[in-house]
Amino acid sequence: MKEGRPRSFYILAIFFAAYVLFLYGPMIAIYVLSFQGPQGGLTFPMNGVSTFWIAKLFQGTGIVDLGAAFRRSLLLGIIVMIVTVVLSVAAGMAFRRKFRAQSILFYSAIASLIVPSIITSLGISLEFRIIDDLIKAHWNENFETSMGLLTSGLGAHLTWTLPFGLLIMFAIFNRFDPRLEEAARDLGATPWQTFRHVVLPIILPSVIGIGLFGFTLSWDELARSSQAIGAVNTLPLDLQGLTTTVTNPDIYALGTVISAVSFTVITLALGTIHMLNKRQAAKGSDAGKGLV
Amino acid sequence: MDTSEDILQQASPDLARGPDTARAAKAARLSPSFISWLQAGPMMLVFLAFFLIPLVFVVIVSFWDYNEYQLLPAFSGRGYTDTFEGCIAQLPDLCTIGKTYVKTLKLCFLVWAITLFIGFWVAYFLAFHVKSKTWQMGLSLLCTIPFWTSNVIRMIAWIPLLGRNGLVNSGLVKTGLINHPLEWLLFSEFSVVLALVHLFTFFMVVPIFNSMIRIDKSLIEAAYDAGATGFQTLVNVIIPLAKPGIVIGSIFVITIVMGDFITIGVMGGQQIAAAGKIIETRVNALQFPAAAANAVILLAITFLIITMMSRIVDIKKEL
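If you read the protein sequences in the order shown, they are chains A and B. Using the UniProt record's numbering, read the first sequence as starting at 1 and increasing by one per residue. Using the UniProt record's numbering, read the second sequence as starting at 1 and increasing by one per residue.
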C-alpha cells in the first residue's frame, strides 16, 4: 500500500469537479433567473428578485394552457410508472428461467432503446393513422382518431421506459441469491408466497428505482411524444414550443417548475429506497434471536 | 446456474418438488413455460404493438405514394426519389441529402469523441480513485441527477450563458479580450455540440463505470509489480477490460445523436439540417412516405454503425 494519493488523483479530481460544474452550472443559472423581477429579461444581471414569473405561469395567462398540460403529463407519467413497474418485474422474473422467445424479447428491448426516437415515434403515428383510415373506411365515417395520450402516447413512452426497467431487473437478479427462494420452497411456500414474502421485499428498493425511472423518463419525454401523442401536448412539448418564441423569463420559470417536480420525485424515491434498505438491514435477518 | 435442484428435477421430478404432493400437483398444472409466457407476454405485446409493427409500417409506408393531402396505399418509390432528387445530376458535388448526412456524421463524431473523453476519465476517477463505497455512490448520483430532468430545460439553460448578452460574452467584453460579442456561441454548430455533450455524457459514464468497477484490482497491482508504467497499465490492462462499456456507451451516444432533431433544432436556431430534422420537416409537411423513406435510410445507417461496433464486443454477454 502506497502512502498518500498519487498526483493523478488530484488532476482527475479537478477534472471531475469541472465536469460537475459543467453539468449543474447552466441549470443553476436558469433556476436563479426564473426569480427575476417583473422587469427582468432573459440574461444576467438580475433585475430585482421576485416570484412574478412563476406566479404568472399558474395564472395561465400564457399562450398555452400549461395547467392542463401539467395535469396530462402527470397523469401519463403515473400510468407509465405503474405499467413499467408491473411489466418489468414480471418479465424480469421470466428471464430467470429459460423460455422460448427469450432472445426475441431481449433484442426487442435493446432495439427499442437504440432505434432513434423519431423513427419509433413516426412508426406509431403511421400505425395509428392506418388504423384510423381502416375504421373510417369500414365502420364509422365520422371517426376522428384513435391517437391520444393514453393510446399512442402511452405506447410511445413505454417503448422508452420498459427497456430501462428490464435492464434494471437483470442487474437485480444478477445479485439475487436463489438459495433464499429454495429455503422458502423447502418450508412449503407456494410460488406466489415465495414471491410475495421473500423475493419482493428483497428487490423492493430496486423496484422503486424502476418506478423512478418510469415516471421521470415519461415526465421529461419529448422525442417520442413529438409525433405520437395526438392532438394534445405534454408539458415538455409546450416547453419546446416556447423556445422558438422565447422573450420572457416565464420559460425559465416553467423549467424551474418542471425540474422541481422531477427533483421531488427523485428525492421521494431515493428516500423510500434508503428507508427500505435500512429496514432490510435491521429486520432482514433473525440470526441470534433464538427459536421462538 | 445449474443448481443441484435442476439435476434432481431431471432425475426425478417428483422428488425435487418435495413431500407436499398435493401442492406440487397444483403447481404442476401451470407448466413453467406457460408461467414464463404469462410473465414476459405483456412486455412482448407492448414491444410488438408499439415498436415492431410500427417499424414494419415505416418500411411499408416508405414505398407508398402521396399527394398534398393524404397517403395513397399504392406502390411507389417517390419517397426515395424525392429524397435523392438531383443527386446524380449534381455529382461529383454532394446533393442536399448527402450534405445533410455528412453534417450529421460530423456532429455525431465530434460529440462521440468528446463524450468518450470526458466519460472515460470521469468513470476512471469514480472507479479507481474514489475508494469509499459511500462516496462512490454519492458522486455517481451527482452525475445521474441532471439526466432525470427535462432535456429542453438543460438546453435553454445555455441561453443566459451563451447569448449575445450572455455571461460569457459580457465577461469577455468587460475583460477587454473582445470588442464585440461573439455571434457563434449560440444557435451554431458549436452550441449544438456543447448541448449534446452536456446532455448525453451520462450515457458514456454509466456503462464505462460499470465495466471498470468489475475489473479485478489485483490485475492492476500485477501490472505494476511487473514493472508497467501508469500509462502502460492504462493502455494494456484497463482500456481492453473497459472496452465493453466503451462500446455500449458509444452505441448509445451515436444512435441518440444520429436521430436527434430536438437539440439540433433548439440549439441550432432551427437553421442546421440533420438526418432527424429531415424526417420532422417531412412529417410537418404531411409527406409521410418521404418521412418514412428518410427514416428507413437513417435506420439503415444507424444499424450499420451499430453492427460495426458490436463486432468488437458481444453486447449480450456484457449485460
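One thing to keep in mind: the hints can contain errors.
[Unchecked claim] Cut-off 25 angstroms, straight-line C-alpha distance, at most; resulting in silico cross-link-like pairs (SDA-like, lysine to any residue):
| id | chain 1 | residue 1 | chain 2 | residue 2 |
| --- | --- | --- | --- | --- |
| 1 | B | Lys-217 | B | Thr-233 |
| 2 | B | Lys-243 | A | Leu-167 |
| 3 | B | Lys-174 | A | Leu-167 |
| 4 | B | Lys-133 | A | Val-257 |
| 5 | B | Lys-131 | A | Phe-35 |
| 6 | B | Lys-133 | A | Gln-39 |
[Stated by the list, open to error] Beyond 12 angstroms from chain A on every Cβ pair, some chain B residues (computed):
| id | residue |
| --- | --- |
| 7 | Leu-91 |
| 8 | Leu-182 |
| 9 | Ser-188 |
| 10 | Ile-215 |
It should be emphasised that the hints constitute simulated quantities derived from the structure, not laboratory data. All C-beta atoms in this analysis are idealised placements derived from N, C-alpha and C, irrespective of residue type, glycine included.
Here is what the structure says about each hint:
{"no.": "1", "hint": "Lys-217/B / Thr-233/B", "in the structure": "holds (12 angstroms)"}
{"no.": "2", "hint": "Lys-243/B / Leu-167/A", "in the structure": "holds (19 angstroms)"}
{"no.": "3", "hint": "Lys-174/B / Leu-167/A", "in the structure": "violated (50 angstroms)"}
{"no.": "4", "hint": "Lys-133/B / Val-257/A", "in the structure": "violated (33 angstroms)"}
{"no.": "5", "hint": "Lys-131/B / Phe-35/A", "in the structure": "violated (40 angstroms)"}
{"no.": "6", "hint": "Lys-133/B / Gln-39/A", "in the structure": "violated (48 angstroms)"}
{"no.": "7", "hint": "Leu-91", "in the structure": "holds (28 angstroms)"}
{"no.": "8", "hint": "Leu-182", "in the structure": "holds (14 angstroms)"}
{"no.": "9", "hint": "Ser-188", "in the structure": "holds (16 angstroms)"}
{"no.": "10", "hint": "Ile-215", "in the structure": "holds (16 angstroms)"}
When held up to the earlier numbered hints, the structure conflicts with 3, 4, 5 and 6 and fits the remainder.
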